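Participant: Quick one: dock chain against chain with the hints and give me the complex.
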Amino acid sequence: MQGFLDIFDIYLLEAVINGILLGGVLALLALGLNLIFGVIDVTWICYAELVMIGMYAMYFLVQYYGISYFIAAPLTILLVAILGALLHYLVIAPLLTAPPINQLLATGGVLFVLQSFATVAFGIDFRNLGIRLPVLAFGDMNFSYARLLSFLAALVGMVAVYLFMTRTFTGTAIRAISQDRQIMALMGVDTKRIYLITSAIGGGLAGLAACLLVLQYDVHPFVGLSFGPITFLICVLGGLGNFIGGFIAAFVFAEIISLGGLFSDLEWGYVLAFAFFIVMMFIRPAGLLARRR
Amino acid sequence: MTRQGRLVAWGIGLAALVALPFVYRDPYHLHILVLILIWSFAYTSWSMMGRFGLVSLGHGGFMGIGAYVTALLWNHLGLSPWIGIPIGMVAAGVLALIVGYPCFRFRITGHYFVLVTLALSGIVLQVITATRDYTGGSLGYTPNRASGNKLLALQFDDKITWYLIALAVWLVGIVVWHLIDRSMSRYALEAISEDEDAAAAAGVDVTAEKLKITLISAVMTALAGAIYCQYQMFITPDTVSGIAVSLQMVFAAIVGGLFVSLGPTVGAVITIMLAETLRIGFGTKAVGWDNLVYGVLLVLFIIFLPKGILGSLLDRLKPQRKVPRAHEQKAVQIARPGT
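Chains as they are written, first to last, in our numbering: chain A, 1 to 293; chain B, 1 to 339.
Just chain B, same shape as in the assembly (with noise of 0.2 Å):
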């Protein structure tokens, strides 16, 4: 496709985006889209750093302080979310560093990485927990609810408003999805994947750029914490933190498709419509099937389809459309062997 035509593409899918609540109004179907803008949103955020092999499984742990702090503020000191969310924004951003700049600074790379975030996940989950006089602990907490202004105290009662707010969300992080990829940053992230000491040796300041990866990703995604919060008035240490919700992420970005744009939001439609049919389908009976299933596909994903739905079906439509990077080059020769 050429650059106008995938522009009239994305308009045209957009305009019906946008179009789509006036004409259908089903509630339970709009809340299920939300869910899936936000979720989408979320994956998008980690699979920015997961494409550059920086498997992180502490983006729990941002989702959490997103939500947690954005609510405490309002519940405790009255802050508007207008505000709240902006600070929970930059309380992940500053753990993202604090925790970020040793790991990159110490060449702490590939298990070691991931375990690292495992305990920052682990850490945040902890303390929502332990500090359960001011968070309700594992029992959940409630924003209260606005007497006032509800734009101020950014609480909707209709669906329309925040299948558009969750639209916007989601097209935002496209965007920043997108202006990376175009950036110096991929091809320097994409050396760094493949060779640290070779990008750095060819001028990469392997920290600054795997920093500012870092950054991006976890503020964007305190930011669908806060969002999924303000959203669902309802939010407990397990559902937005913690080591499940990270593997969420990894699962969903992966079924999906890691090196494409829509990869993790065709993950997240995946994910959340298999949950609500088998829900709707079994009732209580289904509790636990859907993570039965996820747990399958993930595992016969990574070994015969390392590049997710989205991304293989690209590969199946344009075969010869650029020479594969090295590192996803490897995990086809693996998924097809003898190719």
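Excised from the complex, chain A in its bound form (with noise of 0.2 Å):
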């Protein structure tokens, strides 16, 4: 008996640990998106998609054009932040008048052009990158590299965004539009400049993800319908636009996800998460951290 539970234990321990890894990644998913809402007031339906997207330049730059993975993963990043602002440009700004379900609805579409165009252009194999991390043991327990280093990435990226929004002029403009965005066109602030960049910023995280999940994953076109839906939940979780709040909120995700796989399939894990968010949305529907009205 005590053998047995020194097992479960150890699983136990390292269920709860790979939860605050996949909670790291989980939660640099939803920075992104959390800027955007908060910024904007629009939600990206395709995020996901333009995740998917950056994998997929991720694998032909390191397995087809052979650049290093750290040259390629800046590239990565500046493509998927240049197609955010296209998204803005091309799809968002002219709705923006519109009623919001308008905005998502649109966006939907794009989940669709994005999907199709990888399944068109790069067909539907699993691709990996073939970069093979090694997986560090830990007493009994045993940990995926590639996750640790998702973990850390999305804590600095986390941080930078931080920094960026409290400690420059573009930041403090930004967090002003989100607080009244009719006021701050008065006050000489450009938002159609702003939102550009915000919109850059999101396709950024999102290229930033992108490099540090090709790391775990096979990249194919519907790989994004397997993270977008629970990239969404963890926001509106944390409150559509609070940062801190969707932190917590993926970390919480994590550990649904990561415990309900240990004592079942991973699927019961994914569906307990979604059941958890439904129970959320009737007892905070504003979000976990929202004061009470």
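Keep in mind the hints are simulated off the structure, nothing from the lab. The reader is advised that the hints may include incorrect statements.
[Claimed, not checked] One side only, chain B facing chain A, incomplete, derived with CB under 10 Å:
#, residue
1, Arg105
2, Tyr112
3, Leu115
4, Gln126
5, Val127
6, Thr129
7, Ser185
8, Ala244
9, Gln248
10, Val250
11, Leu297
12, Leu300
13, Ile302
14, Ile303
[Unchecked claim] Using C-beta positions, here's what the derived DEER-type ranges look like:
#, chain 1, residue 1, chain 2, residue 2, range
15, A, Ala185, B, Ala168, 52 to 58 Å
16, A, Ala275, B, Ala19, 36 to 42 Å
17, B, Ala146, A, Phe222, 30 to 36 Å
Being a predicted model, the structure only gives us computed values, none of them experimental. Note that CB positions come from ideal geometry on N, CA and C, so glycine has one too.
Facilitator: See the structure below:
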């Protein structure tokens, strides 16, 4: 009996720590989306598809052109940032005054476009980078090195965004616009430019997430569907536009998935997480950290 | 058109549709027609909620429940679809109530409603995949072939029978749409979609009205899933449930026109014909092209034609028919700046 408990605890601890590491990746994914939502007040349903395009970019740069991972990563981030700005310029900007649902549906259309573009251009094969990072063994527990790296990069990314938002003029303007978008135009801030910059940063964060995810997962045109929905749920659970809330929600979700997966199949972990989300929506509709009215 | 004139036109159109399979028997074209009718019914069910601003991405879930409950009861318990389909519909309805009631009670609207329903279709998809011992997981599921009475098992080999069944189901959908269009609920829901507080102040029971339309819409979508399953005899989680299916419904309804009864049908005709034409024209090379065209069209439609093809056409034909409702007006202004 004692032996059984020991083993059980090790697995439990491993699942908890893996959950934290997974939480880092999810938090990074949620960060970009939260930024877009907080500032422009638009939900990019196609956000995960931007990540997917970024993963393909990494794959082709590293595998096909033989560029080193660390040079390919900034290129990818730049590419996805440009995609983000384009998305805003072509799709969101004409719809800024439309009902919010229309913006959401239009980005739903972009989701179809990106997904099928990947299918047409790259085929439906699963591809991976071919880089196999070592597995860290710590005591009896195994952790993926890639996950640890993503976790750290996510932390760095979040701190960088935080510093940018609080220490630079542009960042201050972005925060001001998210508080009142009508007044800021009168204060001499070019809202169009700020929106474009924000979209580019949001895209850049998607690109960063892509660089990290490509280390852990195979890329295929529908990979976005596997983590897209969960990213939205995290943002909503944390309170749309609330960075700290999104950060905490990412870890809560990751733990639910990881621990649910420990006791049963991974799918049940997701089911639990989704169900938890729906229940939380009723208890705290404005997010985990919202002040009670 | 006068009321009688419209009824006569509907009568002639219907008679032509019923007579069609007896005159024209090409099995492939009939197959496409059956698919169009079944999906039109599903899209019409979605649009009943969608036209009042209740954009749900959970309908993939309801459709999946209808299809899988019917097939599972038939295979595991030997329960005829005649009983299984109502059970599936009830299950979808119960789920709609469980999720809908707190949503409407706690005033979860707009983005938040969309995302809650998105989680719902995510749950259904994951549950179907997770219970792969019973449902076959993502590999799909086939209802057992009936050994005895075909009628009892609701399995028919010939396309004409299926065409007539699908036509009847589709007609039910259109009739229900018109019944709602003429009911007091429509005015209540329109008021709610414009301003919930004002509607509540004017004596509209917001929660009850929203629940009613959600229930009707979910139950009908489950029926569409079950009929699709019986017709195709093969379902996978990806073809009948999940987010992709939900988005497909939204897309077709918007392209056709959300605010007119035949809009979703027109949407289904356009999307399915487009997919089939691309498939035949380009063969396996066309994998993905149909969705690419869909996506571009969806974006263009939302930006330039938010009332859909049929809606805009009808507007063009009768410009001063009635004053558009406020939320349509707003959409039209955005579509045509300067008017």
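Participant: Indicate, hint by hint, whether the structure satisfies it.
Facilitator: Structure-based check of all given hints:
no., hint, in the structure
1, Arg105, "holds, 8 Å"
2, Tyr112, "holds, 7 Å"
3, Leu115, "holds, 5 Å"
4, Gln126, "holds, 5 Å"
5, Val127, "holds, 6 Å"
6, Thr129, "holds, 5 Å"
7, Ser185, "violated, 21 Å"
8, Ala244, "holds, 7 Å"
9, Gln248, "holds, 9 Å"
10, Val250, "holds, 6 Å"
11, Leu297, "holds, 8 Å"
12, Leu300, "holds, 8 Å"
13, Ile302, "holds, 4 Å"
14, Ile303, "holds, 5 Å"
15, Ala185/A x Ala168/B: 52 to 58 Å, "holds, 56 Å"
16, Ala275/A x Ala19/B: 36 to 42 Å, "violated, 50 Å"
17, Ala146/B x Phe222/A: 30 to 36 Å, "holds, 35 Å"
The structure shown violates the earlier hints numbered 7, 16.
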